[in-house]
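Enquirer: Listed below are the residues making up each chain.
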Amino acid sequence: MRIDHKIILDWVEPNSRVLDLGCGDGSLLKNLTASKQIHGYGLEINSENILQCIANGVNVIEQDIDEGLGDYDDQSFDLVIMSQTIQTMMYPERTLEEMLRIGRQVIVTFPNFGHWKARVQLALHGRMPVSDLLPYEWYNTPNIHFCTFRDFEHLCSDLKVKTLNREVIGGDGMASFFQKLHPNLFAATALYRITKGDL
Amino acid sequence: MPDSIPANSVGLVTPLLMQFDDPLTLACGRTLDSYQLMVETYGTLNASRTNALLICHALSGHHHAAGYHSMEEHKPGWWDAYIGPGKPLDTNKFFIVSLNNIGGCHGSTGPVTQNPSTGQPWGGDFPALRVRDWVHSQARLADALGIQKWAAVVGGSLGGMQAMRWSLEYPDRIGHCVVIASAMKLSAQNIAFNHAAREAILTDPEFHDGNFLSHSTLPKRGLSTARVIAHLTYLSDDGMGQKFGRELRSGSFAQGTEEPVEFQIESYLRYQADSFSNVFDANTYVLMTRALDYFDLAREYGDDPVEAFKQAQCKYMVISFTSDWRFSPERSREIVNALIRADRDVVYGELESDFGHDAFLIPNQPRYWDLLTSYMSQIEVAD
Chain A
1 MRIDHKIILD WVEPNSRVLD LGCGDGSLLK NLTASKQIHG YGLEINSENI LQCIANGVNV
61 IEQDIDEGLG DYDDQSFDLV IMSQTIQTMM YPERTLEEML RIGRQVIVTF PNFGHWKARV
121 QLALHGRMPV SDLLPYEWYN TPNIHFCTFR DFEHLCSDLK VKTLNREVIG GDGMASFFQK
181 LHPNLFAATA LYRITKGDL
Chain B
1001 MPDSIPANSV GLVTPLLMQF DDPLTLACGR TLDSYQLMVE TYGTLNASRT NALLICHALS
1061 GHHHAAGYHS MEEHKPGWWD AYIGPGKPLD TNKFFIVSLN NIGGCHGSTG PVTQNPSTGQ
1121 PWGGDFPALR VRDWVHSQAR LADALGIQKW AAVVGGSLGG MQAMRWSLEY PDRIGHCVVI
1181 ASAMKLSAQN IAFNHAAREA ILTDPEFHDG NFLSHSTLPK RGLSTARVIA HLTYLSDDGM
1241 GQKFGRELRS GSFAQGTEEP VEFQIESYLR YQADSFSNVF DANTYVLMTR ALDYFDLARE
1301 YGDDPVEAFK QAQCKYMVIS FTSDWRFSPE RSREIVNALI RADRDVVYGE LESDFGHDAF
1361 LIPNQPRYWD LLTSYMSQIE VAD
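Chains A and B, in that order, give the protein sequences.
FYI, in the numbering used here the residues of the first sequence are 1 to 199.
FYI, in the numbering used here the residues of the second sequence are 1001 to 1383.
Only chain B is shown next, with the shape it has when bound in the complex:
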C-alpha cells in the first residue's frame, strides 16, 4: 500500500460502470442486446475534445491502468509507471481512457455477469469474441464520452492488435496508433501455447463446460496451470536466469536424503498462478486466448497487410523488445515493413531488454521511457 501518493501519480481513481443499450452484433453472429463496460479515465478532456487517448489492455488486463483505488491497494494500475503527470503518457496533456473489454472479468459484461435471458451467469455460453468486437464497443464508448477522434490508441500485445484494428476499422477516428510488443497474427507456436493453456482449463473436472459458477465450483487448478504456461512465454531465459537462477526455496541436494527440493522459480510461478486463479475467470481466459488466436489483421484484405494498412490514415509507432520471444522483434518488423510498403508514417524502436514479452509493462526502462515520451509529446492536440 502506498504511504502517500507519489506526485507523478494520477492519484486515487474510481472506476465507472457505463451502460450501453444499443444492441451490439458480434463477429460470431450473435448479438448482445445491452452491455456494460468498466472504465477508468485520467486527466481532463479538453474543450476541443482532441486530447483523448485510449489504452487497450492485453490478455489478462483490465480498466485499472494507473493510480490507486484506495490507500490500501498494494500495487497501482498495470501501466502506472508510464501514465501520469509528467510521464510519457502525460495526463497534463492527455485525457486517458482505459477499460475492461467485453468478455472480461473485472466488471464489464462477460462470462461472470448475468445473462439477462436466463438470470444466470453467462458462463460457458458467453458469445465468442474477436478483436474487432472490442474495437466496435470501444468506438461506442468514445461516442458516449463525446470523443469523435482519439489523439492516439495505444496497446501492448493483444492491446496492440486492438490499436491496429482501430486504425483499419475507424481510420478517421484515430490520429496515432501505438503498437507495442505485438504482431499482425499469431504464429503456430503462439497458438500451440494458447491451446496448451486452454486444455489445462477445459480438462479441469471443475470446469463443467464453463458453467462452473452454477455448479458452485472453480477450475482453479486448470487456470493456474494455464497461467504458468503463459507466464513462461512472457519471460526470457536470461531474465529468469538473472532473477531466479537455480536457487532453492527449500530442501537441498545433499546425498543420502530424499527430501524434496523446490526451486525459487517453481515457487514464484506457483505463487503467481495461485493469485491469478483467485482473481481471474477461466471462461474469460478461454475467450481472450481464442480472440488472440483468431486475430489476423490482413485476412479480409486478401491476406495482404499492405492492402490492409492502405485503409489507414493515422501515424504509427511500433516498439519491440529484443528478448521477447512470444512476439519477437521479427513480428514487429513485419508490421513496420507492411506500413512502409503501404506508404504510412511509422516510427520503429527495437529496445534492448531482458524482460521478455513482459517488458512492455516493466518500469524504469530509460529507452522505453524516452521513446514513448518523445513520440507522445509530438502528438498535436488543440486547446
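Here chain A stands alone, though its shape is the one from the complex:
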C-alpha cells in the first residue's frame, strides 16, 4: 500500500461516510472500505480512472470538481479527502472551503513546491522544476496552483481551520532526518487532517 494511503488509513474512523475528490483509480477508497468499513464515493474526471474504480468496486461519480460541489449538502460526510489533487484546482481556496463545508473533517495531501530540489532547479537553472514526482513541463502540467507547506498553512489560518494532524513523507535515511528538521525544505509530500468544526 502507498505510504500516504497508510497514513490516511490511520486517521479514518471506522464506518465513516467518505467523499474522495479526484479519487484516481479508487484504490484509496477500496483500502478504506476493506480495513475501516467506510461507505465512500469518489469523484473523478479521467475516463481510464473511472473504469479502474468500477473494477475496484468503488462508487465513482464522473464530475469536474472545478465546476463546483454545490450538489453536496453541508456536513453530509464524515470525511472529505483530496489526495494529490488540490494543486490542479482552478480555485484551491474555494475548493478547500467547500470541502470543509461538506465534511466534518478534511484530509488534504499535496506535493511540496518548497522542496529543495524544486528550489534548486528554479534558483540555478531558472526553469520550472521537473522531477519524478512532478513530471510535467510548465505548459502541459495539470498542476496550476503549486504551494509550499508554509503557503498551505497560511491558507488554513486565513480560513480559521484547525489542524488535527500533519505528516510529511518523501525521503528515507538522511533525507528523513532532514525532513523532520525542516519539512518545508526536505519533504516531498504533505498530508493534513483539518477541521472547521468543534472537536
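Hints listed in this document are in silico derivations from the structure and should not be mistaken for laboratory results.
Among the clues, some could well be false.
[Said to hold, decoys possible] Below 20 Å or equal to it, Euclidean Cα-Cα: the simulated EDC-like pairs (lysine to aspartate or glutamate) are:
no.	chain 1	residue 1	chain 2	residue 2
1	A	LYS36	B	ASP1172
2	B	LYS1149	B	GLU1334
3	A	LYS30	A	ASP78
4	B	LYS1093	B	GLU1380
5	A	LYS36	B	ASP1343
6	B	LYS1310	B	GLU1300
7	B	LYS1310	A	ASP71
8	B	LYS1310	B	ASP1172
9	A	LYS36	A	ASP71
10	A	LYS30	B	ASP1343
11	A	LYS162	A	GLU137
12	A	LYS36	A	GLU48
13	B	LYS1310	B	GLU1334
14	A	LYS30	B	GLU1380
15	A	LYS196	A	GLU98
16	B	LYS1310	B	ASP1343
17	A	LYS180	A	ASP158
18	A	LYS30	B	ASP1345
19	B	LYS1185	A	ASP151
20	B	LYS1310	A	ASP151
Assemble the complex: chain A is given as a structure, and chain B must be docked to it using the hints.
Expert: Positioned in the frame of chain A, the structure of chain B alone reads:
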C-alpha cells in the same frame, strides 16, 4: 439483411408469446383478467438462476432487442450493438430477457389485441397504464421464468424509469439497476412535447377516439407528425447539423424559379415518420407517452427521492449523454445526488456524444462500451 450472422451476435432468435391468467389490477383501478407478453431471451439461465438480466424498452421499443428473426431481416434488434457474446451485456455470462410491455403493439396485450369482453380490438378503451404496471407484469414474467432475483434490470429513457421503479417495488428481487439517459420525472417541456405529439394523433380525423380499427382506418398522418415531433427531441442540434446540414434533397435556390426545395433533414424525418406510422399503433403511442408523463419516482415518498431510494437495496449505474437535451445530464445528476444522499451505491458516467437522447441506442461509442462492460463484468453471478 445479414449475409451471415456475425460471430458476436446472439444469432437467429424466436420470440415467445407467454400467457398470464392471474388477473392484474392496474394503477388506474381497472383489471386485466388475463394478458399475454411477447418475450425474447438470449443466453442461458444458469443452475442457480442468478444470471438473469431484464432489459426494459423505451417509448416505442419492443421485445426484439438483439439478434435476427430471420436472414431476411434488415436490421437486428434495437440494442444488438451491446447485447451478445463478448459484448457489454454478455450472453456468455447473462441470461437476458427482453419483452414488449403491456399496452405495446408488438404482440403483447394492448390496444391492437382483442378485448375478451367484446371480441373487438381494445382500441381506445385499453386501460391507462403507469410504469409500475409494467414492473408488476415483469415481476410475474420473472416468476414464470423461475427467476427470483434479477442480476440486473437495465433500461434507457422510459426503460430507465422501469428499472428505477423495479428497485423500489421489489428491492429484494434486483441486484443492480442500470439507468441510462433517464429521469426521475418529466419536465414541463418534456410533457409539452408529448402533448404536442398526442394532439397530432388525437386530432387526426381518422383517429375516431382510438377506435380506428373498427372503423377500418388508420390515423397515419397524426402518428407521423407525432413521431416527427418526438424525433426532433431525440437528436441534437450538432448531430443533425453534422449529418444533414442544409443539404438539399431536391430543388434549388436559383433565382427566378419557384421550384420547391426539400432539405435532406425534411426527407429523412418524413421517411422515418412514414415507416414508423406503418408499424406502430397510435393508441400505444398515446398510452406510453401518458405513462411517461405520469411517472414520478418520488410521488408516493413525500416527493422526496432520497426517501424513495432508501427503499432500495440494489447498486446503481447511471449514464447520461452530454448532447441529450430531452433527458439532460442534469436529470441524471438529480438521480445520482438522491442516491448519494440515500447512501446507495452508485457509479455515474457522463458521456461525450453528439447523438442526443438517441445516443443510448447508437453503436460504436467506445466509452459507452467500456463503461457498460466494466460495470456488467463486476456483477457477480453464481454458477
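Enquirer: May I ask which of the numbered hints given earlier this structure violates, with the numbers listed in increasing order?
Expert: 1, 2, 9, 11, 12, 17, 19, 20
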